[in-house]
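Chain residues, written in single-letter form:
Number of protein chains: 2
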Amino acid sequence: MTTQKATNITWHEHVVKREDLEKLHGHKGATIWFTGLSGSGKSTLANAVASKLHEMKVSTFVLDGDNIRHGLNKDLGFSAQERVENIRRIGEVAKLFSTAGVVNLTAFISPYKSDRNLARSLQADSFIEVYCEADLAVCEERDPKGMYKKARAGQIKNFTGIDDPYEVPESPELRVPTGSKPIDACVEQVIAYLKTRKVI
Amino acid sequence: MTTQKATNITWHEHVVKREDLEKLHGHKGATIWFTGLSGSGKSTLANAVASKLHEMKVSTFVLDGDNIRHGLNKDLGFSAQERVENIRRIGEVAKLFSTAGVVNLTAFISPYKSDRNLARSLQADSFIEVYCEADLAVCEERDPKGMYKKARAGQIKNFTGIDDPYEVPESPELRVPTGSKPIDACVEQVIAYLKTRKVI
Numbered sequence: 006m007t008t009q010k011a012t013n014i015t016w017h018e019h020v021v022k023r024e025d026l027e028k029l030h031g032h033k034g035a036t037i038w039f040t041g042l043s044g045s046g047k048s049t050l051a052n053a054v055a056s057k058l059h060e061m062k063v064s065t066f067v068l069d070g071d072n073i074r075h076g077l078n079k080d081l082g083f084s085a086q087e088r089v090e091n092i093r094r095i096g097e098v099a100k101l102f103s104t105a106g107v108v109n110l111t112a113f114i115s116p117y118k119s120d121r122n123l124a125r126s127l128q129a130d131s132f133i134e135v136y137c138e139a140d141l142a143v144c145e146e147r148d149p150k151g152m153y154k155k156a157r158a159g160q161i162k163n164f165t166g167i168d169d170p171y172e173v174p175e176s177p178e179l180r181v182p183t184g185s186k187p188i189d190a191c192v193e194q195v196i197a198y199l200k201t202r203k204v205i
Numbered sequence: 006m007t008t009q010k011a012t013n014i015t016w017h018e019h020v021v022k023r024e025d026l027e028k029l030h031g032h033k034g035a036t037i038w039f040t041g042l043s044g045s046g047k048s049t050l051a052n053a054v055a056s057k058l059h060e061m062k063v064s065t066f067v068l069d070g071d072n073i074r075h076g077l078n079k080d081l082g083f084s085a086q087e088r089v090e091n092i093r094r095i096g097e098v099a100k101l102f103s104t105a106g107v108v109n110l111t112a113f114i115s116p117y118k119s120d121r122n123l124a125r126s127l128q129a130d131s132f133i134e135v136y137c138e139a140d141l142a143v144c145e146e147r148d149p150k151g152m153y154k155k156a157r158a159g160q161i162k163n164f165t166g167i168d169d170p171y172e173v174p175e176s177p178e179l180r181v182p183t184g185s186k187p188i189d190a191c192v193e194q195v196i197a198y199l200k201t202r203k204v205i
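Chains L and U, in that order, are what the protein sequence lines are. Counted from 1, the first sequence has number 95 at position 90 by the working numbering; the numbering is strictly sequential. Counted from 1, the second sequence has number 64 at position 59 by the working numbering; the numbering is strictly sequential.
By construction, these hints were calculated from the structure, which means they are not laboratory data. Be aware that a few hints might be false.
It does not matter which identical chain is used: a pair holds within one copy or between any two.
Here are the computed lysine-lysine pairs in the BS3-like style, where the Cα-Cα straight-line distance is at most 30 Å [said to hold, decoys possible]:
{"#": "1", "residue 1": "200", "residue 2": "154"}
{"#": "2", "residue 1": "155", "residue 2": "28"}
{"#": "3", "residue 1": "203", "residue 2": "28"}
{"#": "4", "residue 1": "22", "residue 2": "150"}
{"#": "5", "residue 1": "79", "residue 2": "118"}
{"#": "6", "residue 1": "203", "residue 2": "162"}
{"#": "7", "residue 1": "79", "residue 2": "155"}
{"#": "8", "residue 1": "118", "residue 2": "62"}
{"#": "9", "residue 1": "200", "residue 2": "28"}
{"#": "10", "residue 1": "57", "residue 2": "22"}
{"#": "11", "residue 1": "200", "residue 2": "22"}
{"#": "12", "residue 1": "186", "residue 2": "22"}
{"#": "13", "residue 1": "79", "residue 2": "150"}
{"#": "14", "residue 1": "57", "residue 2": "203"}
{"#": "15", "residue 1": "118", "residue 2": "162"}
{"#": "16", "residue 1": "150", "residue 2": "162"}
{"#": "17", "residue 1": "186", "residue 2": "150"}
{"#": "18", "residue 1": "155", "residue 2": "186"}
{"#": "19", "residue 1": "28", "residue 2": "57"}
Owing to the predicted nature of the structure, the values given are computational and were not obtained by experimental measurement.
Please build the complete structure, drawing on both the sequences and the hints.
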C-alpha cells in the first residue's frame with residue numbers, strides 16, 4: 006500500500022499544466038476556427054496568420070484537410086453522420102492543442118452551426134471563430150480545386166453552397182472579408198484581434 | 006484567373022513547416038510511446054518525464070486516458086475493433102503533435118504489437134517506444150484503480166494480463182524497469198536516451 010500511495014503522490018506532483026505550457030511558450034493556447042465556403046480563403050488565411058505568428062515566436066499548428074482527412078479522419082466519408090463526426094474529432098484535437106499551449110488554426114468549411122458550436126463548447130473561452138466572408142460568386146470564380154465546376158455538372162453531390170447549405174455564423178468572434186480584401190489586410194485583422202483578446 | 010494563381014502562390018510562401026516549429030522550440034518533435042501493463046507506471050513515468058523536460062524548456066504534451074477517452078475517443082467502447090481504432094487515433098494525434106514540434110508522451114496499455122507498429126509507421130524515425138517493464142504480480146499488488154481485483158472477480162472481462170494478452174515489445178527503443186527501480190532513475194534513463202537520439 007505504501008508503494009501505491011507514493012506513486013499517486015509522485016504523479017500529482019509531476020503534472021505539467023496548461024498554464025505551465027502557456028508560460029513556457031509566452032502566450033495562451035487557443036483555437037482559431039476558420040469557417041467559410043470552399044474557395045473563401047480559409048487555408049490561405051490560416052497559413053498566412055500562422056506564418057505571421059511564427060515570425061512573432063508564437064507556437065502554432067494548422068489543422069486542415071491535408072493532415073486530417075488523410076490521417077485521423079481517413080475512415081470517414083461524406084454522409085451527414087460522418088461529416089458531424091469529422092468536425093467533432095477536429096474540435097477535440099483542437100482542444101488538445103489549446104491545452105498544450107499552442108495557437109492552433111483550423112481550416113475546414115464546417116458549414117453547420119451545431120458542429121461549430123460543439124467544437125466551441127469543448128473549450129469555451131479559448132475558441133475564436135473566424136468567418137471567412139466571400140460571396141459564392143467569388144469562390145466559384147476562384148474554384149482552386151475545380152470543385153464548383155464538378156458540383157455544377159452534378160459530378161459531386163451535396164456540395165456546400167451549391168446543393169448543400171452553408172450556415173453563416175451569427176456572432177463569430179471575427180468576420181474577415183477574404184472575398185474582397187487582400188490577404189495581408191486579413192492577416193492583420195486576425196493578429197490585431199488576438200492581441201485584443203490577450204492570446205498573444 | 007490572376008487572383009486564383011496569386012492566392013496559390015501566397016499559400017505556398019506562407020506555410021510553417023515542421024523544421025520551423027522545431028527550430029522555434031529548440032528541439033525535435035517526437036512521440037514517446039509508453040506501453041506496459043495496467044499499474045506498470047506508464048502515466049507516472051510519462052508525467053514525470055514531461056515534468057523534467059518542462060524544466061529543460063522543452064515543449065511537451067501528455068496524451069493519456071484522461072484527455073483521450075473522455076474526449077476524442079469517447080465514442081469508442083472496448084470491443085476488439087474499437088480498441089484497434091482507439092490506438093489508431095492516438096497514433097494519428099501523436100503524429101500531429103510531433104509535426105507541431107512538440108515532444109508528446111502517450112500513456113496507454115497498447116497491448117498489441119500490430120497497433121503499436123501502426124502508430125510507429127505513421128512517423129517512423131520520431132517514434133520512440135518505451136516498454137514499462139513490471140511483473141504482473143507487482144502491477145497487481147499496486148492495483149491503483151482496483152481494476153485487477155475486479156478482473157480477478159470476473160467483474161471486468163478481457164482485462165490485459167488476466168484474460169487478455171499483453172504482447173511484450175521485442176525491440177522497443179527503451180526498456181525501463183518501472184516495476185523495480187525508483188521513478189527518478191527511470192526518468193533519467195528516458196532523458197539520457199532522448200539526448201542520445203538528439204531529440205533534445
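Consistency of the hints with the structure:
{"no.": "1", "hint": "200 to 154", "result": "neither (40 Å within a copy, 53 Å between copies)"}
{"no.": "2", "hint": "155 to 28", "result": "neither (48 Å within a copy, 42 Å between copies)"}
{"no.": "3", "hint": "203 to 28", "result": "both (13 Å within a copy, 25 Å between copies)"}
{"no.": "4", "hint": "22 to 150", "result": "between (41 Å within a copy, 23 Å between copies)"}
{"no.": "5", "hint": "79 to 118", "result": "both (23 Å within a copy, 22 Å between copies)"}
{"no.": "6", "hint": "203 to 162", "result": "neither (42 Å within a copy, 49 Å between copies)"}
{"no.": "7", "hint": "79 to 155", "result": "within (22 Å within a copy, 36 Å between copies)"}
{"no.": "8", "hint": "118 to 62", "result": "neither (33 Å within a copy, 39 Å between copies)"}
{"no.": "9", "hint": "200 to 28", "result": "both (16 Å within a copy, 24 Å between copies)"}
{"no.": "10", "hint": "57 to 22", "result": "both (27 Å within a copy, 13 Å between copies)"}
{"no.": "11", "hint": "200 to 22", "result": "both (23 Å within a copy, 24 Å between copies)"}
{"no.": "12", "hint": "186 to 22", "result": "between (40 Å within a copy, 26 Å between copies)"}
{"no.": "13", "hint": "79 to 150", "result": "within (19 Å within a copy, 34 Å between copies)"}
{"no.": "14", "hint": "57 to 203", "result": "both (16 Å within a copy, 29 Å between copies)"}
{"no.": "15", "hint": "118 to 162", "result": "within (21 Å within a copy, 41 Å between copies)"}
{"no.": "16", "hint": "150 to 162", "result": "within (15 Å within a copy, 50 Å between copies)"}
{"no.": "17", "hint": "186 to 150", "result": "within (21 Å within a copy, 57 Å between copies)"}
{"no.": "18", "hint": "155 to 186", "result": "within (27 Å within a copy, 63 Å between copies)"}
{"no.": "19", "hint": "28 to 57", "result": "both (20 Å within a copy, 16 Å between copies)"}
Violated hints, in rising order: 1, 2, 6 and 8; the structure is consistent with all others.
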